[in-house]
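Peer 1: For the record, the sequence lines run as chains A and B.
Position 120, counted from 1, in the first sequence is what the numbering used here calls 120; the numbers after and before it change by one each time, with no gaps.
Position 99, counted from 1, in the second sequence is what the numbering used here calls 99; the numbers after and before it change by one each time, with no gaps.
By construction, these hints were calculated from the structure, which means they are not laboratory data.
Note that CB positions come from ideal geometry on N, CA and C, so glycine has one too.
Do not rely on the hints blindly, as some may be mistaken.
Partial selection, computed: residues in chain A whose CB lies under 10 Å from chain B [claimed, not checked]:
id, residue
1, Leu9
2, Asn37
3, Leu40
4, Cys83
Some chain A residues well away from chain B (every beta-carbon gap over 10 Å; in silico) [as the list claims (entries may be wrong)]:
id, residue
5, Thr27
6, Thr34
7, Ala35
8, Thr36
9, Thr41
10, Gly42
11, Pro43
12, Cys67
13, Tyr81
14, Ser104
15, Val115
16, Met120
17, Pro149
18, Ala151
19, Ser177
20, Thr186
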Amino acid sequence: MASCGNCDLTGLFPIEYTGIISVSMSTSTEVTLTATNVVLTGPTTGTITMSAYPYIPGQDRLLGVSCPSSARAELKWVQKYDCFNDTMHFFPSWGGAASVSGDSITGVSLEREVVTYQSMNADASSGPASPYFYSTQTDGFNLIYTGRPIAITSGRPQSYNILSSVLPANTNLYLSSFDISIEPPTKSVVNYNFVFSLT
Amino acid sequence: MADAFIEALSYRLRTSGVVPGGPAGGGEFILQTFGAEKVTTRVWPSKTVLLESDDMRGLGGDYESASFQGSNLRTEGGDFSFSGQAQLPPDFIDENEIPGA
Numbered sequence: 001m002a003s004c005g006n007c008d009l010t011g012l013f014p015i016e017y018t019g020i021i022s023v024s025m026s027t028s029t030e031v032t033l034t035a036t037n038v039v040l041t042g043p044t045t046g047t048i049t050m051s052a053y054p055y056i057p058g059q060d061r062l063l064g065v066s067c068p069s070s071a072r073a074e075l076k077w078v079q080k081y082d083c084f085n086d087t088m089h090f091f092p093s094w095g096g097a098a099s100v101s102g103d104s105i106t107g108v109s110l111e112r113e114v115v116t117y118q119s120m121n122a123d124a125s126s127g128p129a130s131p132y133f134y135s136t137q138t139d140g141f142n143l144i145y146t147g148r149p150i151a152i153t154s155g156r157p158q159s160y161n162i163l164s165s166v167l168p169a170n171t172n173l174y175l176s177s178f179d180i181s182i183e184p185p186t187k188s189v190v191n192y193n194f195v196f197s198l199t
Numbered sequence: 001m002a003d004a005f006i007e008a009l010s011y012r013l014r015t016s017g018v019v020p021g022g023p024a025g026g027g028e029f030i031l032q033t034f035g036a037e038k039v040t041t042r043v044w045p046s047k048t049v050l051l052e053s054d055d056m057r058g059l060g061g062d063y064e065s066a067s068f069q070g071s072n073l074r075t076e077g078g079d080f081s082f083s084g085q086a087q088l089p090p091d092f093i094d095e096n097e098i099p100g101a
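Only chain A is shown next, with the shape it has when bound in the complex (with noise of 0.2 Å):
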């Protein structure tokens, strides 16, 4: 399909990275309709997700895991609007909880670890014959990550300037959630969440 307005082919997608699987965006803008019939607006934020491969042709795509594996990282933001301005302030808040499952993957380690404990995954919506795993995950903070297509360290959030082609300029993202999938013999997915303000 050419393009066609504005439309285009996702594998000409202007972005800044590689491996990209998929990126989406949701906006909205706070609207309230008073009991006076008076239409009140505030800042208009949005989020955007992308899942992208962590690693590149050639490189082992399970991340040196054998059995199913996970990681995942929350990176909180305190959100204050200036009406003076009309500009949306984002203020990183520590404390953001993580955690890892399963083999250890490659580029990721977990700063400081709390809790250590047994988790298990069955799914027969395959067949009875699927197989079941147990693994061992630990929950605590600062998940570092190492790998791409974008490296984080959860325990200092930060902001990041992608996008530039289809955001106003100067948007920046505060990256709000990592997490990284990884199901030997199959796939590997590494997904991001940033939340950012137009105003």
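Following the hints, put chain B in place on chain A, whose structure we already have.
Peer 2: Below, chain B without anything else, positioned relative to chain A:
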């Protein structure tokens, strides 16, 4: 519609405490009332201009008390929006004028 308000009415009986009445131990009580107060409260869901000192009673205005807070919302005209309420001095009325009394 900007700065339009809604009026809410509230009533308060002027009364002392309940006192025993009738035969001792009879379980009857008497509530003595001395009229009632009808209080008018004006509520602004959105107000672009705050009240000023001379809107208050004692400085030439009508209101006995007021409370407003700002929000992160603006009107279509781009004005800041405050929400809040102000209370007028009570009207003294007869108990029988209270709805439902």
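Peer 1: Work down the list of hints and note, for each, if the structure agrees.
Peer 2: These are the hints, each one checked on the structure:
1. Leu9: Interface hint status for leucine 9 (chain A): violated (40 Å vs cutoff 10 Å).
2. Asn37: This hint holds: asparagine 37 (chain A) lies near chain B, its Cβ roughly 5 Å from the closest one there, short of 10 Å.
3. Leu40: 4 Å, holds
4. Cys83: With a minimum Cβ separation of about 5 Å from chain B (threshold 10 Å), the hint on cysteine 83 (chain A) holds.
5. Thr27: Check passes; 17 Å lies beyond 10 Å.
6. Thr34: At about 4 Å from chain B, threonine 34 (chain A) fails to clear the 10 Å cut-off, so the statement is violated.
7. Ala35: Given that some Cβ of chain B is not farther than 10 Å from that of alanine 35 (chain A), nearest at about 5 Å, it is violated.
8. Thr36: Check fails; 4 Å does not lie beyond 10 Å.
9. Thr41: 6 Å, violated
10. Gly42: 5 Å, violated
11. Pro43: Violated, because the least Cβ-Cβ distance between proline 43 (chain A) and chain B comes to about 7 Å, which does not exceed 10 Å.
12. Cys67: 48 Å, holds
13. Tyr81: 4 Å, violated
14. Ser104: Serine 104 (chain A) clear of chain B: closest Cβ-Cβ about 45 Å, beyond 10 Å.
15. Val115: 38 Å, holds
16. Met120: Methionine 120 (chain A) clear of chain B: closest Cβ-Cβ about 45 Å, beyond 10 Å.
17. Pro149: 34 Å, holds
18. Ala151: Answer for alanine 151 (chain A): holds, closest chain B Cβ roughly 34 Å.
19. Ser177: 24 Å, holds
20. Thr186: 46 Å, holds
The structure fails hints 1, 6, 7, 8, 9, 10, 11, 13 (numbered hints given earlier, in ascending order).
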